[in-house]
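Asks: All chains, full assembly: derive it from the sequences and hints.
Here is what each chain is made of, one letter per residue.
There are 2 protein chains.
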Amino acid sequence: MFKLIKTNGKARRGEFHTPHGIIQTPVFMNVGTLAAIKGAVSTVDLKEVGCQVELSNTYHLHLRPGDKIIKKLGGLHKFMNWDRPILTDSGGFQVFSLAALRKIKEEGVYFNSHIDGRKIFMGPEESMQIQSNLGSTIAMAFDECIENPSTYEYAKASCERTVRWLVRCKNELDRLNSLPDTINKKQMLFGINQGGIYDDLRVKNMQEISKLDLPGYAIGGLAVGESHDEMYRIIEVVEPHMPVHKPRYLMGVGTPSNILEAVSRGIDFFDCVIASRNARHANLFTEHGTMNLLNAKYELDDKPIDPDCQCPTCRHYSRAYIRHLFKAKEMLGMRLGVLHNLYFYNKLMENIRNAIENDQFEAYKEKKLKDFSSRL
Amino acid sequence: MFKLIKTNGKARRGEFHTPHGIIQTPVFMNVGTLAAIKGAVSTVDLKEVGCQVELSNTYHLHLRPGDKIIKKLGGLHKFMNWDRPILTDSGGFQVFSLAALRKIKEEGVYFNSHIDGRKIFMGPEESMQIQSNLGSTIAMAFDECIENPSTYEYAKASCERTVRWLVRCKNELDRLNSLPDTINKKQMLFGINQGGIYDDLRVKNMQEISKLDLPGYAIGGLAVGESHDEMYRIIEVVEPHMPVHKPRYLMGVGTPSNILEAVSRGIDFFDCVIASRNARHANLFTEHGTMNLLNAKYELDDKPIDPDCQCPTCRHYSRAYIRHLFKAKEMLGMRLGVLHNLYFYNKLMENIRNAIENDQFEAYKEKKLKDFSSRL
Chain A
37 MFKLIKTNGK ARRGEFHTPH GIIQTPVFMN VGTLAAIKGA VSTVDLKEVG
87 CQVELSNTYH LHLRPGDKII KKLGGLHKFM NWDRPILTDS GGFQVFSLAA
137 LRKIKEEGVY FNSHIDGRKI FMGPEESMQI QSNLGSTIAM AFDECIENPS
187 TYEYAKASCE RTVRWLVRCK NELDRLNSLP DTINKKQMLF GINQGGIYDD
237 LRVKNMQEIS KLDLPGYAIG GLAVGESHDE MYRIIEVVEP HMPVHKPRYL
287 MGVGTPSNIL EAVSRGIDFF DCVIASRNAR HANLFTEHGT MNLLNAKYEL
337 DDKPIDPDCQ CPTCRHYSRA YIRHLFKAKE MLGMRLGVLH NLYFYNKLME
387 NIRNAIENDQ FEAYKEKKLK DFSSRL
Chain B
37 MFKLIKTNGK ARRGEFHTPH GIIQTPVFMN VGTLAAIKGA VSTVDLKEVG
87 CQVELSNTYH LHLRPGDKII KKLGGLHKFM NWDRPILTDS GGFQVFSLAA
137 LRKIKEEGVY FNSHIDGRKI FMGPEESMQI QSNLGSTIAM AFDECIENPS
187 TYEYAKASCE RTVRWLVRCK NELDRLNSLP DTINKKQMLF GINQGGIYDD
237 LRVKNMQEIS KLDLPGYAIG GLAVGESHDE MYRIIEVVEP HMPVHKPRYL
287 MGVGTPSNIL EAVSRGIDFF DCVIASRNAR HANLFTEHGT MNLLNAKYEL
337 DDKPIDPDCQ CPTCRHYSRA YIRHLFKAKE MLGMRLGVLH NLYFYNKLME
387 NIRNAIENDQ FEAYKEKKLK DFSSRL
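In order, the protein sequence lines correspond to chains A and B.
The numbering of the first sequence is this note's numbering, which starts it at 37 and goes up by one.
The numbering of the second sequence is this note's numbering, which starts it at 37 and goes up by one.
Bear in mind the hints are in silico, worked out from the structure with no lab data behind them.
Simulated pairs of lysine-lysine, BS3-like, Cα-Cα distance not exceeding 30 Å:
hint : chain 1 : residue 1 : chain 2 : residue 2
1    : A       : Lys240    : A       : Lys39
2    : B       : Lys206    : B       : Lys141
3    : A       : Lys363    : B       : Lys74
4    : A       : Lys365    : B       : Lys104
5    : A       : Lys83     : B       : Lys383
6    : B       : Lys363    : A       : Lys74
7    : B       : Lys74     : A       : Lys74
8    : B       : Lys339    : A       : Lys108
9    : B       : Lys104    : B       : Lys206
Everything numeric in this text was worked out from a predicted model, so none of it was measured.
Replies: Spelled out as structure tokens, the structure:
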């Protein structure tokens, strides 16, 4: 159940109530693809950096260790020792971005594993079965994520099929939620809006999927080739057709600036790998701009990454030390970087929530867009 | 200052007082070669796993980031944010095991860096200067660590030179400790006993170096090719000639069983990379024996690595989960493994200290030698 607490322009301050606790929105989900956050970060650490929702991947966990193994072990929450909400991606995006030799049919997708090449079939029902085995809080619909730009004809056919798949997802999850040995019988399904860069397809698709009255809706198929301006335009086109009292999730987005822009256009949920991926390359976010710690000027810099930051890294270690760790290829460098960047993202969302509550979101956004564009 | 509190057979329970706090002995030093513990473990973590003394490497830190950089940043304690004792290895062992094209002369060793091949000279004075720049609590003497077996003639010439080098180390450290800008003016020098596998050389060498009245003494050149029985015999031969009221450090040793055997022969200090290295290969120590988590039988095992263990890993994560992390090559697997093994070693030393205090060391040792030989 989504409770819209306050709006400030299009920006929304909400609460999403789940069986695993309340999610304060806008929220950034911290990505743990394989039931672990890259950079040696654990679920104990996630709590310390203020993570509300962890995101794992159906495709990856189906291959390793296998969703049936995780079900036998009591589900993903128990497996990774995380009692807060988990959202699982449907596998759709990974099937299209990672798997080889894929063949799309009405029933689903035939493809080869990117690990051992074995043949796998995944359709809406299989994706729901896997996500049900994982027992996540929120299951994402199985969709086709097309590249931008694709032709109008391809985008149209694809998103019409995605609607048919969504109906099958809903029916299958309803069935699974009613089975006696299902781990999370209150698993929720989010639908995903597609349509490439074509406004009319996006709108029609959103109107159709909103009729299913799902617990939440995502905008998918962005940040896959189009410009930022196109992305913002599509959000503006789709948003008026999204249910007001359901959470809205912009999948795979993005930079701190992307998030500010999307919140100002009415988005509530975000996820992106750049928080952790950038950190693993010594690219760090701060309230005053971004920095790359490999830069020689940090060799003798004994300040924390961000002197105002209260993250586990900034409370204990200096730029010079972390730079040394990266240069010496010590894993600890990545860990300290990831902890900092995740904390930064989670804190950013907290600041956004506060700004909305105080009717100051636009001023906050304008100031931070300037701050974040600095290169330290 | 070393305070011998209690003996139980040859086993000793002591306290080593340093400017960075008291070390309770017997003690296992946790290895952080490059000012970081491999496996993404930080100094904050070291406190959580009960580490008393951290060990870093002169050779490695001289190359990266450079000891002069660390000095400018206030020394190694400040650099890595660790306020407890640090022991620095002299670089001797690494020059002989890692560097290429080394040439040993009376003045010291000429060699090429294993990183970029550049020519470096290191003698007793240089080693002391580097360790003084690092500002460690305990500096180790610069010695030649010969392979076992070496010829009698070579071992004799080498350990006679090592005694001449030790005198130079002492003089140089005395000079450095009196300089106004030295970071730790109370830096202590430990001498190192050498002599290969030749009892008479070992004894003569120990008698000579003990005359220098240094704050502590190590037995070096073991665990480099000889059998365990030879190692124990050499400890038994050397030990009666080691000062009673100085700590005794067996360098680079060893397994939990090696440590029990060496404590029973009068050793106080240990260090070894196997605690962390084994963990990074999923080889874990428990009170009931060793296990390799890659073994398929742990796939559905939801118990902690050791159900009786209170380490940060065992308090939160299962064998099945950590096994998955190793299989999926997630860095978090290594981190959780290393945290467990370091905790295990530090706890082992605590148990050893308690057993000595209670006059039960031999019984404890016999029981644990059996436990540790089990393969789970």
